[in-house]
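Full structure from sequences and hints, please.
Each chain, written out:
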Amino acid sequence: MADPAIAVRGLTKIFPVPLHRQSIVAVRDLDLRIEPGEVYGLLGPNGSGKSTTLKIILGLVSPTRGCTEIFGRDSRLVKSREAVGFLPENPYFYKYLSGEETLRFFGRLCGLGGAGLRNRMDELLALVGLTNARKRRLGTYSKGMLQRIGLAQALIHDPRLVVLDEPTAGVDPAGSREIRDLILDLKRRGITVLLSSHLLAQAQEICDRVGVLADGALVREGRLQELIAIENQTELIVADASSDLIEEIESLINRSNAKLIERRKSTTTLERLFLDATTDRQEP
Amino acid sequence: MRLLLVLVTLIVIGAIKLPVERDLAVIHRQEHFRGVEFNLDLREKLGQLGFIAALSGFRAIVADGLFIQAHVAWERTEWSRVLLLFRHVTTLQPRSILFWDMAAWHMAWNASVAAMNDRAQPRLALRVKAQREYFALGKDFLERGIKNNPDRPQLYEALARLYKEKYKDHERASEFFAKSAALPGAPRYEKRFSAYELSYCEGREREAYERLRQIYDEGEKERLPTLITRLKFLENKLGIPQDQRIPDRAP
Amino acid sequence: MSNETVVAARHRGVSFSRVLAITVNTLTELTRLKVFYVLLVFALLLIGSSIFMAQFTFQQEFQILKDISLGAMSIFTSLLAIIATARLIPQDIEDRTVYTILAKPVPRFEYLLGKIGGVLLLLAISTVVMSAAFLAVLYIREQSVLHMTLRQMSSAPREQVDDTLRAVRSSGLNLDLFPGIIIIYLKACLLAALTLFVSTFATTNIFTIVVMAFIYFIGHLQATAREYWLQEHSSGWITHVFLAIVALLFPDLQAFNLVDDIVAGTAISLGVFLKTAILGAFYTTIYTLLAVFVFYGKEL
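Protein chains in written order, with this note's numbering: chain A, 1 to 284; chain B, 1 to 251; chain C, 1 to 300.
Quick caveat, the hints were computed from the structure, so don't treat them as lab data. In this text, all values refer to a predicted model and were calculated from it rather than measured experimentally. Glycine residues also receive a C-beta, built at the ideal position from the N, C-alpha and C atoms. Check before you lean on any hint, since a few could be wrong.
Coverage of chain B stretches by chain C, computed from C-beta distances (three or more under 8 Å per stretch; other residues unrestricted) [unchecked claim]:
#1 2–11
#2 18–25
#3 28–36
#4 60–72
#5 96–108
From chain B, some residues computed to sit far from chain C (all C-beta separations above 10 Å) [said to hold, decoys possible]:
#6 G14
#7 A15
#8 R76
#9 W79
#10 L84
#11 Q121
#12 L124
#13 R144
#14 K179
#15 R188
#16 K191
#17 R204
#18 E210
#19 N236
Written as structure tokens, this is what we have:
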């Protein structure tokens, strides 16, 4: 069997607090296994250990106990990072560089250069929709644009795994939807995605599997559909039904052993409403 | 843990570098660098703050600042202040010929003349005494300057001029012109000047004659009017036979 | 296309091009910080001082011009080294750019080498620019003094004119100044590496700058402390331990202040220059390696 994209075994991270007896346990005894091609969401409230786990996987922080591997390579090895692209939370890049220069810089760090790098930059700028802003300094970019250039830099060396820390934090709904679409696009291309989020609705839209962290420990894990499905309930959404038809259905339910829990008008989501209203205005 | 290791590494490297640094400091001082650093008088003179400033890469600039102050004091004829400032300047920058030379010149040439013309002092004897004191101060600067720069001719020459013009001591003047002439980089005239001065010394005329004659024989370039005058004077005084005398200048 | 890039990205243990990318980026970062204003101040100082010195003789003028220029160069490069380096790492950590960089296949030592490389390059550029400005002013002044002397002495004997011109030239541009300037540069390199080392365990750049200011002054007194310690003076053991710590832990910065004496006319021999330069390079290397060592243990 092929190596998993990410394997975390018995991971514990304890941060000593200077001048204090006790220390902070950021991650306790964590086991994770993410298969190639999956979109995995690491969910949990702020301070639950998500970022620390990601940093350990990327070799930025060393584990107190346990080990992490990327495609079978120990995270502490620089070589393991050849296959990963990382987008940190609220990324700041060098403000004085333009979008293009930022990608060139990170491309060079990955050993790219010449025509190959130029083509890759064009491709990625088109992918994240920043072709028109490529010459602008990052200092003038909006939060959503920064997030997108961040994603482009994470993809510069065509990694097999992308790690995204709170990819939509602080981004407006339109921006956040674009990022969501980009992640789905990555998934279609067979790239493994590990993302952390505290925004559950978004995770729900894109993740194949999720793990829920609380206080550094994994408290739930599984396929999203399985985790959130309520086994004994079913929803029907019907369009253009007459009130007679509805009553008939209800009486059918009452006659059986089943119980009708709720009956309501379908609503659109606020997000949908927001997007319809704002995109209409932007593109008349 | 890692920090402890770093500390140990620093100490080990410190122990290795210590003799290297020490040797380098010795070489530096042999080659006339860093003469000021271990001079603890300086600390007393400049105070702790000035001392630290002087040693932190500001030494030359501090010296220049004091030198400019001395220049201003000179323009105001505040002689005791000129003296004090030049003492600091030369202590800070003992390898600067210029500062020693200026200090001596101010004392022996300017302050001494001012003392002699001092209208506030009606008694001549006291004015002469003050003048002699300034000569001595000038001489002292040059002697200390030479001690710090034994390898360079300029201060020997300045001291020779001081002996010649202020003390009228031709013998010492001749001696210091000769010392200057012996050092690399000395102007050609030093050797001549040494011989000229010797020609004024009672009892050393023969020696002076031989040295002047030797310079004369070096060629046409050396046969300057003063040289010929002094040679002729000595030829007469020593009664040199006519056939060995230098020819009269063509009319 | 994708396959090609993967092949191109094949990782190498040490990559000069990666270090170079970080070096160039660091240099860009530093130049955008407007550190070059320091050079402007230097130019003003140079021009200001040469106007002010009209009242002095040429020997005085040249000596003061050289003292002030080289003294300012020494101080400015040292300041630049400390201030520019102190913020590099903390800033990258604060902005999280360090995560993005180190999440790429970039070893930590390459990151630090790139950073220090950028600072050393900046210092080299600044030193060259300041030297050029200084040498230009000195040359112009020397030429004008030579012309003036020739005019004034047009009726004097040949030998006297030659002696005077030689005196002007010897108090003007002096080739020994160049090794002196290189030593100034090496001192700044040493300070940059030491600042990098301090900044790897400092939490704020103010802390780094304060520590470096302290090291700067102690470092200049290290030789005095060392001689006292080694000469076994009859002082108490506390003094003794203190002197030993200073002598062992601090670099002898005074060893790099040769330019004052060079301006005053002391000749620098090749041996002294090389030994001093090697000491500077040695310190720069050691402190960079120590910085790398501490940085490898750092939790980001």
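Here's how the hints hold up against the structure:
1. Counting residues of the region 2–11 of chain B whose beta-carbon sits less than 8 Å from any beta-carbon of chain C gives 7, enough to reach three: the coverage restraint holds.
2. Counting residues of the region 18–25 of chain B whose beta-carbon sits less than 8 Å from any beta-carbon of chain C gives 6, enough to reach three: the coverage restraint holds.
3. Coverage of the region 28–36 of chain B by chain C holds [criterion: at least 3 residues with CB-CB distance below 8 Å; count 6].
4. For the region 60–72 of chain B, the stated coverage by chain C holds: 7 residues have a C-beta nearer than 8 Å to a C-beta of that chain, and at least 3 were required.
5. A stretch counts as covered by a chain when three or more of its residues have a beta carbon under 8 Å from one of that chain; for the region 96–108 of chain B and chain C the count is 4, and the coverage holds.
6. Some Cβ of chain C comes within 10 Å of the Cβ of B:G14; the nearest lies about 3 Å off, and the non-interface call is violated.
7. Residue-level check failed: B:A15 sits 6 Å from the nearest beta carbon of chain C, not beyond 10 Å.
8. Here B:R76 stays apart from chain C, with its beta-carbon at least about 14 Å from theirs, past the 10 Å limit.
9. For B:W79, the requirement that its beta carbon stay farther than 10 Å from each beta carbon of chain C is met, with the minimum near 19 Å.
10. The beta carbon of B:L84 is kept farther than 10 Å from every beta carbon of chain C, the shortest such distance being approximately 19 Å.
11. Every beta carbon of chain C lies more than 10 Å from that of B:Q121, the smallest distance being close to 30 Å; the non-interface claim holds.
12. Residue-level check passed: B:L124 sits 34 Å from the nearest beta carbon of chain C, beyond 10 Å.
13. Non-interface status of B:R144 relative to chain C is upheld: no Cβ of that chain comes within 10 Å, the nearest being about 15 Å off.
14. Consistency note on B:K179: stated as away from chain C, and its beta-carbon is indeed over 10 Å from all of that chain's, at 18 Å minimum.
15. The Cβ of B:R188 sits about 7 Å from the closest Cβ of chain C, inside the 10 Å cut-off, so the non-interface label is violated.
16. Against the 10 Å criterion, B:K191 stays outside the reach of chain C, whose nearest CB is about 13 Å from its own CB.
17. For B:R204, the requirement that its beta carbon stay farther than 10 Å from each beta carbon of chain C is met, with the minimum near 27 Å.
18. Look at B:E210: its CB is around 24 Å from the nearest CB on chain C, clear of 10 Å, so calling it non-interface holds up.
19. The claim that B:N236 is not at the interface with chain C holds, since no C-beta of that chain comes within 10 Å of its own (minimum 27 Å).
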